[in-house]
Structure formats: structure tokens, C-alpha cells
Amino acid sequence: MNITRFGGVTALAAVAALALTSCAANETGGGAAPAASEGGESLSGTLVGIGASSQGSAQEAWRAAFQTANPETTVEYSPDGSGAGREAFIAGGADFAGSDRALNEEELAGTFGKCVEGTSAIDLPVYISPIAVIFNLEGVDELNLDQATLAGIFAGQITTWNAPEIAALNPDATLPSSPITAVHRSDDSGTTENFTEYLNAVAPDIWTEEADGVWPEAFGGEAAAQTSGVVDAVTNGNGTIGYADASRAGELGVAKIKVGEEFVEYSPEAAAAIVDASPEAEGREENDIAFEIDRTSTEAGVYPIVLVSYLITCQDYQDDETAALVKAYVGYVASEEGQAEAESTAGIAPLSSMVSEQVSTAIESIK
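Our numbering numbers the first residue of the sequence shown as 1 and each following residue consecutively.
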């Protein structure tokens, strides 16, 4: 069994916490969901999922709708972060994982605790969302940032709000001389990996570190656990700035990011546009779907700070009942109804028809 970095400890800790997250989802309903397996028999059993906190709101809605349609099922999801989810799934502590990046080559080359020996896992993109640059600065409601300025802030090179780089982009704003507090994730996070991939792609002279789910110590800043921790730290401070799944931005200020010659506000449509304009990763097995986002795109209508969040499952499960339940649940998540549910509750960009067809084919291959 391939247990790395977090190992079995993370998997066991996350599983222990799941009981606290499953009950509430049984109490509310949602959109249409599969009410039986392919053979016609009623679905029953429990699924354990661990992973990306970005998926938290969507998972609550998906689980509620699925469990309402299938009252003999329980779907648990613990939003402990992408890294924790992947590690738990690899260790056999979860039936599926949520991750804001696809499995990498090293992970795919290992073994997976719930999968038939000699088979691998597959990545299913089911959640497309912008990453919002959130801020809380008294007297400032709107903020424009270009690539170099954004990278300089999070690299600790631009340290006050009235710095000339920020002032030049916001001539109508009254910017204070107070210090900038840049907040980042303290856990291994797919959101961090997507955000740092963007910074390295668009400002490599400033953001010299390669993309990673773990924040580089050299750039400092204030650390907070999970999406909720970043949002709380930005909300409760003044002069704070951070990054989070856009569904969690709430009433915070959200920066517009320069793309080409325009400053672009995030939107589900702009997030979907950059995914459709980006190539798939090469060299992956059939039914394992991953995208390489074109972070440097200057096309009109795209927002390049985006995450594609995946559900990671076995291609072939050791337990047939688990396979049937995973297939039904993930099938609902990726369905038109499931995507519409997450769009209304979490503001995601629904899968395009092209991606939806690919994902549906991959789900049908699960056994």
C-alpha cells in the first residue's frame, strides 16, 4: 500500500470525523437523483469520502439530494483538504476522494487500498470554480490587480496597501499606508496548488516557486487551515487578502484580475470558458480525465485563476457493492441535475456538454 506524507494517520483521523458530517445531509432534500442501481434493485450502504474543502457546499447539496432519493444510503464527506483526501483514498480509508488537482504520475504509479490489485484510480472532473482573490480593506470596495502585483503581494515583496504598484492600478481608490496581511492555506491544498500554478505561470520572475499544494515557507504570510480558515482570517482582519473558492467569498471584496488588456471579475461562465480553451493532460489512461489549464491565456471572457476539482475513484473496486454505490453517486454528481444543484448552491460552472460526455463515459466504466 502506497502511504505517503500524511499516511494512515490522516486517513484514520478523517474517517473518525465523518460521523459528524453525515447526519445533517440526511435531513434536507435536493434535485433529482438516481433511486436505484442499474439492475433495478434499491441502493443501500454507506460511502466514505474525504477531500477538498472547496467542494464542501456542493457536497452537502449532492449528498442531501442523493440520500433523499435513496433513503437506505448514507454518503459521508469530510472536507479535510485535497491532500488529506488523496492520502486517505490511497491508504484505503475512503471510498472516494475530492481533490482540487488530479492524481500525479507518482500517485498513479502506486496502489490504492480499495481498488483491485493491478488496477488504478481515475480522476473525474465534476466541479469547476473560479478561485477568488478576497480582501478586506476599510474604505476600499473595488480592487484591480495585475499578475505581477498579485504575485508581489503574496511573495511578500509588496507590503503596504498604498504601494505604487497597487496605486497605479487603482487611481480612484483611497489606499491606506497600512500593512498588507496576505493569508494562505496551512494545509496541503489543491486550491493552493492551482493558485501558485497561476502565479508561477504569469509572473515567474516574482513567484519563483513551482506549483505546490503546500505554501512555500520562503514567502511567509499568515497561515489558516482550510478554506473556512482563510475566509475567517480575511473577514476578521483589516488590510487582509487571501484566496478561496469563489463560492465562499460571501460579502468580502473580490479583486478583478488583469487578463489581456482588461480587468476581469470572476464568474462561473468565465471559469468554464478557460477550461474549454485548455488541453487535456497527455499520457493518461483511458477514462482518467485531467486538464492542463492555460493560465497565461489573454482571450476575452476567460478567468484563468480557476480550479477544476475532481472526484477520485477506483476503476475496479474490490467490493462490488461499493462500486455500485460509488457509480450511482458520482453519476448523479456529474449529471445535469447534479450540476444544476451545485450551480445554485455553490456557484460552480456546470460541465460543458463535451466534458460531461467524457465524464459520463468514464463513470460507466467503474466496476
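Honestly, the hints are just simulated from the structure, not real lab data.
As the structure is a computational prediction, the values presented were derived from the model and not from experiment.
The beta-carbon is built from N, C-alpha and C at its ideal position, and this holds for glycine as well.
Mixed in with the good hints, there may be bad ones.
Stated by the list, open to error - The list that follows gives simulated cross-link-like pairs (lysine to any residue, SDA-like), each with its CA atoms no further than 20 Å apart:
1) Lys256 - Asp172
2) Lys367 - Glu285
3) Lys367 - Asn170
4) Lys258 - Lys327
5) Lys258 - Asn170
6) Lys367 - Val116
7) Lys256 - Asn170
8) Lys258 - Ala340
9) Lys367 - Ser297
10) Lys367 - Gln315
11) Lys327 - Glu299
12) Lys258 - Val116
13) Lys256 - Ala148
14) Lys327 - Ala340
15) Lys327 - Asn170
Said to hold, decoys possible - Distance windows between CB atoms, simulated:
16) Glu251 - Glu117: 49 to 55 Å
17) Glu138 - Ser353: 42 to 48 Å
18) Thr235 - Met354: 24 to 30 Å
19) Thr46 - Ser228: 21 to 27 Å
20) Glu261 - Pro179: 47 to 53 Å
21) Glu336 - Asn104: 26 to 32 Å
22) Ala340 - Glu280: 21 to 27 Å
23) Gly250 - Val116: 39 to 45 Å
24) Gly250 - Ser42: 38 to 44 Å
- Task: Just tell me: holds or violated, for the beta carbon distance of Thr46 and Ser228 against 21 to 27 Å?
- Result: 25 Å Cβ-Cβ, so the 21 to 27 Å window holds.
- Task: Determine whether the Cβ-Cβ distance between Glu138 and Ser353 falls within the hinted range of 42 to 48 Å.
- Result: For Ser353 against Glu138, whose Cβ atoms are near 45 Å apart, the range 42 to 48 Å holds.
- Query: Do the beta carbons of Gly250 and Val116 sit within 39 to 45 Å of each other?
  - Reply: holds (43 Å)
- Task: Indicate whether the distance between the beta carbons of Glu251 and Glu117 respects the range 49 to 55 Å.
- Result: The hint (49 to 55 Å, Cβ to Cβ) holds, given that Glu251 and Glu117 are roughly 50 Å apart.
- Query: Within a Cα-Cα threshold of 20 Å, do Lys367 and Glu285 meet the stated pairing?
  - Reply: Distance of about 16 Å is within 20 Å: holds.
- Query: Lying within 24 to 30 Å: is that true of the beta-carbon distance Thr235 to Met354?
  - Reply: Between Thr235 and Met354, where Cβ atoms are some 38 Å apart, the hint is violated.
- Given the hint that Lys367 pairs with Ser297, test it: the Cα-Cα distance must not exceed 20 Å. violated (38 Å)
- Message: Against the range 21 to 27 Å, how does the distance between the Cβ atoms of Ala340 and Glu280 compare: consistent or not?
- Response: holds (25 Å)
- Within a Cα-Cα threshold of 20 Å, do Lys367 and Gln315 meet the stated pairing? At roughly 6 Å apart (the allowed maximum being 20 Å), Gln315 and Lys367 satisfy the hint.
- Compare the distance between the alpha carbons of Lys367 and Asn170 with 20 Å, and conclude whether the hinted pair is satisfied. Violated, because 55 Å separates the two Cα atoms, which is more than 20 Å.
- Message: Hinted pair, alpha-carbon criterion (20 Å max): Lys258, Val116. Please report holds or violated.
- Response: The hint is violated at about 47 Å.
- For the pair supplied as a hint, Lys327 and Asn170, confirm whether the alpha-carbon distance does not exceed 20 Å. violated (49 Å)
Violated hints, in rising order: 3, 4, 8, 9, 11, 12, 15, 18 and 20; the structure is consistent with all others.
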